[in-house]
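Assemble chain B onto chain A, guided by the hints.
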Amino acid sequence: MLSEKIGKNIKQLVGDSSGIMFLVGLFLLIIFVIMAVFAPYLAPYSPIKPTGAPLLHPQASHLMGTDNLGYDVFSRVIFGSRMAFSIAAIATVVAAAIGIPTGLIVGYIGGKLDSVITMIMDSVYTFPGLILAIAIAAMLGQGLINISLSIAVVYIPTYYRVIRSQVVTIKSELYVEGARAIGAKSPTILSKYVLPNVLPSTIVVLSMNIADAIMTEAGLSFLGLGIAPPTPDWGYDLSKGQQFILQNDWWLVVFPGLAIILIVLGFSMFSEGLNEYLNPNIGEKR
Amino acid sequence: MRILLSIPMILIILTIVFFVLRVLPGNPVLAMLGPKAPPEIIHAMEHQMGLDKPIIVQYFIYLSHIAVGNFGTSSYTSLPVLQELLQKFPATFELTFYSMIIAVFIGIFLGSYAAYNFGKPMDIFARVYSIFVYSFPVFWFGIMLQLIFGVWLHWLPVSGRSAPFMIPNHIYTGVYTLDAILNGQWDVLTDAIKHLVLPSFTLGVVISSIFVRMVRSNVLLSLSSQYVTAARARGESEKKILFKHALKNSMPPILTIMGLQFALLLAGAILTETTFSWPGIGNYLITRISYRDFPAIQGAIVFFAFFVAVISILVDIVNAWIDPRIRY
Chain A
81 MLSEKIGKNI
91 KQLVGDSSGI
101 MFLVGLFLLI
111 IFVIMAVFAP
121 YLAPYSPIKP
131 TGAPLLHPQA
141 SHLMGTDNLG
151 YDVFSRVIFG
161 SRMAFSIAAI
171 ATVVAAAIGI
181 PTGLIVGYIG
191 GKLDSVITMI
201 MDSVYTFPGL
211 ILAIAIAAML
221 GQGLINISLS
231 IAVVYIPTYY
241 RVIRSQVVTI
251 KSELYVEGAR
261 AIGAKSPTIL
271 SKYVLPNVLP
281 STIVVLSMNI
291 ADAIMTEAGL
301 SFLGLGIAPP
311 TPDWGYDLSK
321 GQQFILQNDW
331 WLVVFPGLAI
341 ILIVLGFSMF
351 SEGLNEYLNP
361 NIGEKR
Chain B
26 MRILLSIPMI
36 LIILTIVFFV
46 LRVLPGNPVL
56 AMLGPKAPPE
66 IIHAMEHQMG
76 LDKPIIVQYF
86 IYLSHIAVGN
96 FGTSSYTSLP
106 VLQELLQKFP
116 ATFELTFYSM
126 IIAVFIGIFL
136 GSYAAYNFGK
146 PMDIFARVYS
156 IFVYSFPVFW
166 FGIMLQLIFG
176 VWLHWLPVSG
186 RSAPFMIPNH
196 IYTGVYTLDA
206 ILNGQWDVLT
216 DAIKHLVLPS
226 FTLGVVISSI
236 FVRMVRSNVL
246 LSLSSQYVTA
256 ARARGESEKK
266 ILFKHALKNS
276 MPPILTIMGL
286 QFALLLAGAI
296 LTETTFSWPG
306 IGNYLITRIS
316 YRDFPAIQGA
326 IVFFAFFVAV
336 ISILVDIVNA
346 WIDPRIRY
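Top to bottom, those sequences are chains A and B. Each residue of the first sequence is one higher than the one before, starting from 81 at the first, in this note's numbering. Each residue of the second sequence is one higher than the one before, starting from 26 at the first, in this note's numbering.
So that you can see chain B by itself, here it is in the shape it has in the complex:
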């Protein structure tokens, strides 16, 4: 059911992206060739790109291409855009995956301890933390971490995914930490982790503020419920009460919220990738904008739309699995 609902969402985003990139002022051909290009060449290029057809025909050609995975050809590298995107995707996936883990970890621990110590210093710390972290621009926070841990302390590298030559011998997934383990290259693994720490912390910490708040208010609600009182009456340990009873029962709403934050995570990923020169899709998008590579720009945005849709479906499936009362 939910999968059916996300098809119109993808379609609408595709349509908006198409019309934004085609109808708005600024001729892509002119932008690519420069203002001084001779008219014959412009016409030839327009014909080659199908831009001389009526807009509605172009639209359906574009949709049918997307449907079979044809994202067009980059005007900068002349490679298929989908191929380039798939090559960049593991980097974005790795960054967002570890950021999410960090955010969830901070959210669950800080949130539940804050709820457990309601009104005490720990709770106040958690709340002040969310306020400040929330108002940090992602890129600013990233630059501050670069400054502290890269420049002042010299602990961690401040840009890129790996040191020169520190890439896995054999690429299985493109996720360096995983490939390094599969290859048994521990020096590569250490290097990949070192490069991951600052970007994933930047993004993870900024996203975590929402999680802290969510976990806190949900656990607070569970802690005042009768099953917690019953568990206390049975003499169960406070740790067990907090993590087994209160936290577990607050999971479904927390998970939904986490899934909803995914859009924010992706937007943050673009900024984080730019801040740390992380070679993912966000960085690709921004670089290609400066080259006026329209097929690539369009492809990257469509790719993000698919990503958001897939995640929202996944969240629903996981939710239904955790809470059997939810049925779609």
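Next up, chain A with everything else stripped away, as it sits in the complex:
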């Protein structure tokens, strides 16, 4: 995953001070969460109403300038965090809700079913995620739920693979065999012995997944497949802002882009720090 690679890179750079990395990531995330939750109070203007002359340079009254319709860019960046969080959260939850149980059950049952499902999941996994999401989004059309679902499909195999590979190891552990020997039923074994052991790593995947989902969402809305305008959305604002760069209106593209970069960096650092804390035994894998 993208955010995993960013996180590993940062960890390598900071070395022993990975606690600081976690805190910086957490700090960035808290800022974005505050932005999303308190957007109406923080934003100086409405994000979907003209608030001044069109294409104003950044200035005291409009910190990040205005776009071609006179919308305040700063307010749109603040409100854009809501869209990023909601889509990423729905996509992640849906992907996890399908991927985790499938991985758990299929990994536990094993056999032919396992080989077939794993092959399907691997095929989806190796296929470029954005292209798959584009295909689904093209069919479903714009909208919050539709985009979230298109992104969710891409990440189901990620959960499936993480969970399945662990279940395959855990199910032959002594404590699982012991439970089976004293007559525990499969559902009990899965929920009481297997699930608690695979969940910590899932939390990290979940957190990393949110960063990736935000990136994919930005890509989709940049391509015009995201949320219907005028809802504030970083990717869409970027694609609209690009039409004006030839007249040097840089503020339309610089600020939404920085927002995407910072939130992705924040989630990556946070997840990597979390990984260190939750899975201390897992050494750095290349």
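Just so you know, the hints here were simulated from the structure itself, not pulled from any lab data. Careful, some of the hints might be misleading.
Said to hold, decoys possible - List of simulated lysine to aspartate or glutamate pairs, EDC-like, C-alpha gap at most 20 Å: (1) Lys78(B) <-> Glu65(B); (2) Lys273(B) <-> Asp341(B); (3) Lys85(A) <-> Asp148(B); (4) Lys88(A) <-> Asp148(B); (5) Lys272(A) <-> Glu257(A); (6) Lys85(A) <-> Glu356(A).
Same frame as chain A, now just chain B:
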């Protein structure tokens, strides 16, 4: 062996694409004709497209068509989709090819120098570079380059493949840089390169972050090995040690990783093509989505699936050739 394994992969992707485009809500005929079309015309169109048959029959008809290279007919231009795709493919190939070269070049040099100067400023620069470049959205980075080199400095064009009338006289391959050389049209070649610089740098730099990291950690591993110590003991030059011994021995894992990044490269290509109005398959896909041209959308995605599969086979072949210990 590997070729056999990639057939199910293509089949699964085909199946998913088929069902995504057919089963999900949204009737393609209705989408093409608009909501106010009379029912008779809708039925006639459905019959013409074979949409009135049971879904499973449609599925096998579709598979048999793909197998013989029939990707259907575009509902926007009424041309065969495969013909359109093949016409757009050279542009995508040219963009991804040069991006890959740029990414590999940056990866190998920055990565091996970083490993060689472990812990020194060069190394730290390489690591900070990968972190930032990785978190750049491709399209944002592209727009920034357009802004700096196109708008502020006026050095390079910001969109398209060529200036008006600057196309090769005779198209051999559709790859403009190659055709221009074959035709001996040096002005066309210069123009094509100028148009290529920003898009291929955008995509190349974004992909390079993975390569820098891979090369760095693999070369680092090789540098601490005994054959490097032996080479030093023989008094070989440091340059030779780095590039001949350390880098060469790290190549197989690096190549595998590079091959795996191809999927990422293609996804990036769609975004880059859109950012730079580059007339390739990615741009084609996005344009046709806005026209609701379903045969074209489906065709483009299937084409990408084939592309990914072919590349993963190629990577394996090259790997086996470089490292004789690998056998499939």
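task = Assess, step by step, whether the Cα of Lys85(A) is no farther than 20 Å from the Cα of Glu356(A), and give holds or violated.
result = At roughly 14 Å apart (the allowed maximum being 20 Å), Glu356(A) and Lys85(A) satisfy the hint.
query = Does Lys272(A) pair with Glu257(A) here, judged by a C-alpha cut-off of 20 Å?
reply = holds (13 Å)
key: 20 Å limit on alpha-carbon distance, applied to hinted pair Lys273(B) and Asp341(B)   = holds (18 Å)
request  = Mind checking the alpha carbons of Lys85(A) and Asp148(B) for me, to see if they're no more than 20 Å apart?
outcome  = Holds. Lys85(A) to Asp148(B) sits at ~17 Å (cutoff 20 Å).
query = Hey, Lys78(B) versus Glu65(B), does the alpha-carbon distance stay inside 20 Å?
reply = Judged against 20 Å, a Cα distance of about 17 Å means the pair holds.
ask   = Does Asp148(B) lie within 20 Å of Lys88(A) when you go C-alpha to C-alpha?
value = holds (15 Å)
Comparing the model with each numbered hint stated earlier shows that all of them hold.
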